[in-house]
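Peer 1: Sequence:
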Amino acid sequence: MVSSISLNQQINQIEIENCIELNSVLDQFGDWTLRLDVKFFYSLFYAAIFIVGLIGNGFLVGTIRRRMTVANVFLMNLAISDLLLCITALPITPVLAFVKRWIFGLALCKLVPLCQGISVLISSYCLCLIAVDRYRSIVTPLKVPWNIQHAQWLMTLCWTFCIIISSPLFIVQGLQQIVYKNMTFCGEFCTELNWPTDFRIKLFYGISLLSIQFLIPTLIMTYCYWKILQKVRQDWLVPTNNSIMSLEQQAQTAIRKRRVMYVLILMVLIFMGSWMPLTFVNLLRDIGISFLETQMYFKLLNVHAVAMTSVVSNPLLYFYMSKRHRRALRDDMYWLTNARRQQNQHVGLLYKKSLERHILQNATAKYNPYRRGTLADPTTLGREKALQEMHANCFLLVPLMPLCVANQQRLTTNQREISNNNNINLNFKRQKHPKFVCEA
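The letter at position 413 of the sequence shown is residue 424 when you use this note's numbering, and the numbering goes up by one with no holes.
Where hints are given, some of them may not hold.
[What the hints assert, rightly or not] Here are the computed lysine-lysine pairs in the DSS-like style, where the Cα-Cα straight-line distance is at most 25 Å:
#1 K238 to K154
#2 K242 to K154
#3 K154 to K213
#4 K268 to K154
#5 K268 to K242
#6 K242 to K50
If you are wondering where the hints come from, they were derived from the structure by calculation, not from laboratory data.
Starting from the given sequences, assemble the full structure and let the hints guide the process.
Peer 2: Spelled out as structure tokens, the structure:
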């Protein structure tokens with residue numbers, strides 16, 4: 012028994028020592044992924060996508076989670092799915108394309124396709140739920156709107172559904188050595204091993220996944236946005252005099268609605284355009300079409316790189332085309348920097364003076380009572396109301412706390428001085444105009 016085990020180990024060791032590198036074979040056929048310029052370009056591209064996607068989606072999650080609305084619940088889950096894709100697929104794919112073998116172990120061999128499938132499904136249905144939510148609020152406003160709890164329940168169901176749909180990818184993935192024409196290639200390869208012998212099952216799963224990932228969400232989003240555009244087009248073109256807002260404010264609201272609609276539609280188009288090539292290539296591989304017989308690794312690397320651009324498109328669209336998210340990010344960064352500055356007494360005093368000067372200089376700005384937001388902007392109020400609004404929001408604005416305390420003390424001192432001056436003036440008037448009492 013011991014001798015048989017040692018014999019098998021010796022045979023395996025001989026096979027490993029006599030194996031052939033796949034890159035050396037592909038080099039004879041002119042594989043483009045072996046060129047230095049291709050390696051440099053795609054390594055730089057994937058590194059940039061990884062850094063921008065990680066930072067952008069991280070900022071998006073951090074900004075949204077403190078301002079929870081129904082739409083923001085969907086956006087935060089969209090960013091989380093992109094972060095999942097950044098961590099799992101982005102660092103591994105270029106290494107696999109250049110090394111041509113799997114060096115990350117069995118666990119990642121099963122987890123990476125699973126995470127990629129979950130991420131694509133979550134992204135599709137987050138965009139779909141955003142479209143349905145806007146359809147309900149604009150086209151059918153009389154229906155009971157979704158609240159945050161409804162949105163959280165919907166996302167819980169979506170994550171559960173997406174994990175179940177993607178679970179076959181986890182089951183069928185495995186590691187194996189490849190032997191081709193009496194040649195054993197070095198290393199192990201992560202492939203789909205455990206599919207049933209019936210070819211139609213794998214083909215049915217591929218077509219079903221394409222329908223669930225793209226066709227059904229695309230039909231739902233197309234219908235919702237088409238109805239929304241028909242509904243709000245009259246608001247864009249024909250302002251009404253019956254509204255409580257002025258015509259200028261109605262025009263600004265229409266422009267804002269139009270910008271939001273364009274951002275959402277552009278997000279859908281970018282997402283579908285980025286993931287559609289990779290999904291169709293995987294479907295062609297399942298069918299067995301000889302599209303990938305030549306330059307297989309280079310073609311797969313290209314369609315995967317196009318798909319990974321969706322990781323950075325969502326934060327870029329929302330931060331650079333949405334004033335509200337840019338303002339929220341700027342406030343968060345301002346809070347972090349000023350919280351550090353408050354530790355220094357001299358810098359904190361300069362910050363207090365500059366902030367108070369900024370508020371008073373912008374006190375003449377026109378205040379729009381119909382602007383969207385939960386808190387009024389102190390810079391748009393009158394001179395006297397500006398400081399009052401700032402004092403009222405002291406419990407909300409942490410960096411302003413020392414300024415609030417200082418201004419409250421200053422306000423109390425001023426009130427005392429005014430009261431003392433009034434008493435002095437009153438006493439002076441009494442002394443200047445004495446009362447004469449006539450005695451009988």
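Peer 1: Which hints, by number, does the structure contradict?
Peer 2: 3, 6
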